[in-house]
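Once you've looked at the hints, go ahead and assemble the two chains, each given alone in its own frame, into the complex.
Protein sequences appear in the order of chains A and B.
Under our numbering, think of the first position of the first sequence as 1, with each following residue one higher.
Under our numbering, think of the first position of the second sequence as 1, with each following residue one higher.
Worth flagging that the hints you see were computed from the coordinates, not collected in a lab.
Careful, some of the hints might be misleading.
DMTMM-like cross-link-like pairs, simulated, lysine to aspartate or glutamate; straight-line CA separation at most 20 Å [unchecked claim]:
no. : chain 1 : residue 1 : chain 2 : residue 2
1   : A       : Lys206    : A       : Asp12
2   : A       : Lys167    : B       : Glu106
3   : A       : Lys167    : B       : Glu101
4   : A       : Lys171    : B       : Asp94
5   : A       : Lys167    : B       : Glu170
6   : A       : Lys206    : A       : Glu53
7   : A       : Lys171    : B       : Glu101
8   : A       : Lys171    : B       : Glu106
Predicted model only: the values in this text are computed from it and were never measured.
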Amino acid sequence: MTARVARRVVSDYLVPTAALVGVLVLWEAATRAFHIPNFIMPAPSAIVGEGWEWRYRFLDHTWVTLYETLGGFALSILVGVPLAVLIVYSPVLKSALYPLIVLAQSVPKIAVAPVLLLILGHGEIPKVIVAFLVAFFPVVVDTATGLAATPPELLDLSRSYRASAFKTFVKVRLPMALPFFFAGAKVAITLSVIGAVVGEFVGSDKGLGYVILSATSYWKTELAFSSMILLSVMAILLFGAVSLVERLVCPWLAAESED
Amino acid sequence: MIRLDHVAKTYRTRRGDLVPALEDVSLDVGENEFVSVVGTSGCGKSTLLKLVAGLTPATRGSIHVRDQIVREPFTDVGFVFQQPVLLPWRSVLDNVLFSVEMLGLEPRHYRKPALDLLELTGLGGFETKYPRELSGGMQQRVAICRALLPDPGLLLMDEPFGALDAMTREEMGLELLRIWEERRKTIIFVTHSIPEAILLADRVVVMTPRPGRIARVLGIDLPRPRTMDLEFVPRFKAYSDDVRNLIFSGRKRP
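If we strip away everything but chain B, and leave its shape as in the complex, we get (with noise of 0.2 Å):
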């Protein structure tokens, strides 16, 4: 579905020095797979997302989305930051309703859509609170069904559960899996952690700073529906390792 070929991006920052984020990036994503990205700060990683979604041109290299090439955004796409960015002064519902009226589509056709997914992330009943009303975790829920209201065929993921606790992170992941098996659909899962990034993908794409690159990219072969139980599974234990050396081969050791 996604095909990155050869992708290199680099800034101009403000002094007027080029500095490199992503360089020879190639990966090709199929259709309604889940591959997370895993790697340390400044390893270009959010730049991946912004280029896919056509937000930022590449400097280098070309991207396709089923077959057509991006050079502008397109309408396919939904969105998850780490932070929820919701609009304060809207309800729970017109939150969620806010990515089909930026659309320019009629929000009214959507009130029945966008009260299922809240029903479907538990949310059910909150939809006239105001987002500083919910936890953080619940905020992002909020977050998430806006992006799937739309129902895009990729989701694109910036370390979406990067501000929750470790608790809710956990839980949180789950929960989307959950959604992901009801409603098909390509995700990049952008994240720091390591366990993370196994236990949701089926591919995880490991990456190295400055500028970013992809060291290798792993074939996650655990049974779904996934569980918290399977970080306790020798093979699990074996990926995180391969990932942990792959990240910190190019590093020198204290």
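Chain A with its partners taken away, still in its complex shape (with noise of 0.2 Å):
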């Protein structure tokens, strides 16, 4: 191992761990020394230790919000894709569909989600409703410029060579709008957990966001901050595999490039 990349290895994971590592020392420290009662700020022991006796019923309550989030993101793409498909391929559809578009996107979700509760009912539905509600934009807006961002010489082409319009979108327009997609894609999974959870405190039974919502009311701040962490967890996950998924599928932007 040279220096540069021990030096690297510091800088990238010994110091990030260190400073977290020195953050929950610190924040445990202060919570014994000055005796903050645990429904203030528990500390991280408390919140360690309170989420392990949840271990089983948490189970249950991450499957559920998983889902739900799941739902909404998958939602996401089956609607947002095509409709980012037509708006780019006709200009009637686009001014008819992008201020509705625009419209939906700036009503609040969290306004929109009582409503939504009342017509659907109780159940995971409405909140993967909410999910893509609240997810559904950054794949419609990016898919779009994506499929719009194909060079016009590269269209010249396509139809000097006489291709079909259909083949010209799969084989030119399609692959181009890949990393556009992901980076709405990264964005809409991080949003689905949002809007699952804003969902679950509308009204439910079930799920990590119903967790904190109860525990709240019974001041049982440590159970709350157990589920945040979950949340974090499992959004963080969800990232990464879009990221992993986004690496498979277009290994061409990681090649380096030469200087």
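See below:
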């Protein structure tokens, strides 16, 4: 191991880990030294302890939230990508759909959630819909941007070879849009988590959002904290999964450019 | 091979204004001839290529290629643009094969010719690289291979070396001539470099802008194969002065 590699390991891994551990130690020490009650600011050890005690119940709740998140995310792609295609290919549909999409995006989703739950009732489906509503916008906008980003010369080239519009779409425009699509999908997956939790806040008896809400009403702040940590870990893992798929589908993005 | 007869092209802008891009252009280009088109920006050089390729219809006049009137794109054409516009997700080899694929031919049958072309342009061994791993000059070579692979009779080049640095540019020009000696075809080469236009072509079409018109067509009587040294020959200097005067004569000097 050369000195340069060693320096990189230190700056990339050791420094952030040390900083995190430092914060946790300070936090633990402060709550003990000043006798801060758990319901105001629980110590890290109390959060971990509570989380461990809840491990089996957490399994169920995490699964429900994960399911709602993935449902909303899948829906945002299934609806968002075709919408983007329509917008790019038809000027009429563009002027018809774009204002509607922007309108749907501007309505605060947290305000829509109670109405949706009223209409759709309880269960997971309304939360999937809320997650979808929160997440679909970046998918539509980024995919549409990507589809429109094909250089006009390439379209001329395809036309000069008398290739059909469909062939040009499949072989040129769609792959050209992939990096943009993934940029949108990465935002969408984290937004889906938020959407699912918002849906649970409004009315549910399952899921990590529900656990946070009921824990705070019983002054069990350490339980709320462990749910939040689970939610963050879930969001990070999901983001990582989308990034991994991106790297598998678009291997050329990783290729280093020659200097 | 190509005959343009009093061709005019007028564009309509978004606001509905009519903008004349080309006015009364008549030109004959022979089989296997190398013709450069030179002029300032806005003289309709790129429009001229699009018209010849059938990508856009002429407003007036007629265009014939091999005695066929051009009304729509035809497949005997290769295009090279100022930017290489390669597909970043495809390897160098698959980028070269893109042309035959879009033509609806079987790419498997073109692997060997594609590799030969890459070898010819000094890209042997790079076939599995991605475009972004190559320099600008190498990317443009890939674009040229892509255009050459279906072996078109007509090669349309729209400032193909305009985005390259001056040294790479001269090198690429002579390389293009070398390829052209080996695989003869008709080339229309648009540029705004006067020395480049003279060095490469059999004839130089000098255009003036707004609307684009042909000022004059100069025959270039310089020996082939052309070399960089020709730029110091007195006749080269004379051609260059002629072109410069034609382009700038219509303008007021400051």
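Against the structure, the hints come out as follows:
| no. | hint | in the structure |
| --- | --- | --- |
| 1 | A:Lys206 - A:Asp12 | violated (38 Å) |
| 2 | A:Lys167 - B:Glu106 | holds (15 Å) |
| 3 | A:Lys167 - B:Glu101 | holds (10 Å) |
| 4 | A:Lys171 - B:Asp94 | holds (12 Å) |
| 5 | A:Lys167 - B:Glu170 | violated (37 Å) |
| 6 | A:Lys206 - A:Glu53 | holds (18 Å) |
| 7 | A:Lys171 - B:Glu101 | holds (10 Å) |
| 8 | A:Lys171 - B:Glu106 | holds (15 Å) |
Violated hints for the displayed structure, listed by number in ascending order: 1, 5.
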